[in-house]
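So the sequence lines, in the order shown, correspond to chains A and B. Just so you know, we're using numbering that gives the first Met the number 0 here: the first sequence kicks off at 0 and counts up by one. Just so you know, we're using numbering that gives the first Met the number 0 here: the second sequence kicks off at 0 and counts up by one.
Hints are computed from structural coordinates only; laboratory data are not their basis.
PhoX-like mimics (lysine-lysine), calculated; alpha carbons at most 25 Å apart, straight line:
id	chain 1	residue 1	chain 2	residue 2
1	B	K19	A	K38
2	B	K3	B	K23
3	B	K24	A	K38
4	B	K3	B	K62
5	B	K19	A	K43
6	B	K60	A	K97
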Amino acid sequence: MYIQSAYAVSPQGSFNELLESSAQYRGDRLTCKEPDYSKYIDPKLIRRMSRIIKMGAAAAMECLQQANVSMPDVITTGTAYGCLADTDQFLTRMVEFKEELLSPTAFIQSTHNTVGAQIALMLKCHHYNNTYVHRGSSFEAALTDAIGLIGEGEAKTALVGGVDEIIEKSHAILSRFDLYKKDGDTANLIGDPGKGTMAGEGAAFFLLNSQREAGCLAKLEAFQNWYKPSVPVTTLVANFLKRHQVPAGSIDLLITGANGDARYNSLYEAVQQSVLSAVPAITYKQFCGEYPTSAAFALWMAAMIVSTGRVPGAAEPAAPKRVLVFNNYKQLYPSLYLLSAC
Amino acid sequence: MENKQELVQRLKEQIIKQLKLEDKKPEDIGDHDPMFVEGLGLDSIDALELIVLLQQEYNIKLKSAEEGQDVFRSIDTMADYILEHEGK
Chain A
0 MYIQSAYAVS PQGSFNELLE SSAQYRGDRL TCKEPDYSKY IDPKLIRRMS
50 RIIKMGAAAA MECLQQANVS MPDVITTGTA YGCLADTDQF LTRMVEFKEE
100 LLSPTAFIQS THNTVGAQIA LMLKCHHYNN TYVHRGSSFE AALTDAIGLI
150 GEGEAKTALV GGVDEIIEKS HAILSRFDLY KKDGDTANLI GDPGKGTMAG
200 EGAAFFLLNS QREAGCLAKL EAFQNWYKPS VPVTTLVANF LKRHQVPAGS
250 IDLLITGANG DARYNSLYEA VQQSVLSAVP AITYKQFCGE YPTSAAFALW
300 MAAMIVSTGR VPGAAEPAAP KRVLVFNNYK QLYPSLYLLS AC
Chain B
0 MENKQELVQR LKEQIIKQLK LEDKKPEDIG DHDPMFVEGL GLDSIDALEL
50 IVLLQQEYNI KLKSAEEGQD VFRSIDTMAD YILEHEGK
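Produce the complete structure using the sequences and hints provided.
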């Protein structure tokens, strides 16, 4: 299984910007740097799209353009929150106008599958299209589906994405749960001794291919995710490596989902101090923030690292050939992605 | 009651706002330009938005969806319909 191309709309402008000078944020959240959507989307369509739809559609279109693929065999999308802005608008009007005079556009676009559906409409793609809404394993479910279809020979190419947005209301509600630092700083987020993290958002899409094509970014050697596993995460990681016959020493870089909340550091530290004790490690949530589908950003970053041989935050090019991504959203949804250079 | 010219101008502003026609200004829309397919290039979802606009701003409910084909032919026909039905 190969990642032929990948693109992320994220709080970082591009991978080059991430390498040269990553965008820094203060406060309790990170916000996406949005591209010029007119490059990707017909102006007649843009006017109706909310921000998350534009972000997802642009990421998908750029991904397809880079892969020189106009019609993927499969489109799968993962999102925990769906199209929040449209949902907010629709529900607010329901209250304000006493369930009358509702905007059809906000209603139509409030469903979670709007991003995947809009991509299909833009491509005039009538192929398999599914959206997964499974909280912290939404992107993983979309990826599992695509891998399965390619593995069974049902598809050669699959466009897979993970998208989630922050809106004011959702952020205000989530902030009540004491999830975020009030005066966070991405420059010092990881390793901060306090509780809470910084909220994030993003849209990342990947074009998976059953075969290695020219320009391929990375090989997706293995992937697995769990929900509330009954064994410690160190055992999960050890078993994963054993199952795929990967010696820990062959991994050049570990990317962890540590998010700066001191309450949850121990699980990542346990892996770094035991199974993968000799493997250099970096984190990614200081670049994108914490959100349920952030592993899609991590997978994009990992693919770019093995493709370019360059690591954000590293002074010298380390040129890692094999990278393991380990995220454990809310300590409930561990996931592992093993990538290697093509 | 405002005169028809004032109503036409206000309708153009409301349609631009409701349908998020951000690249349009009221003066870009001709009073007799077709609103659908050609002209403004609106579609069936926009027609639903226009029905909501009529109800919300002018308290006018269309009798049937078919009626909309004539009412929403142009800004001019829409203004005529509003003048005829407003306050009834």
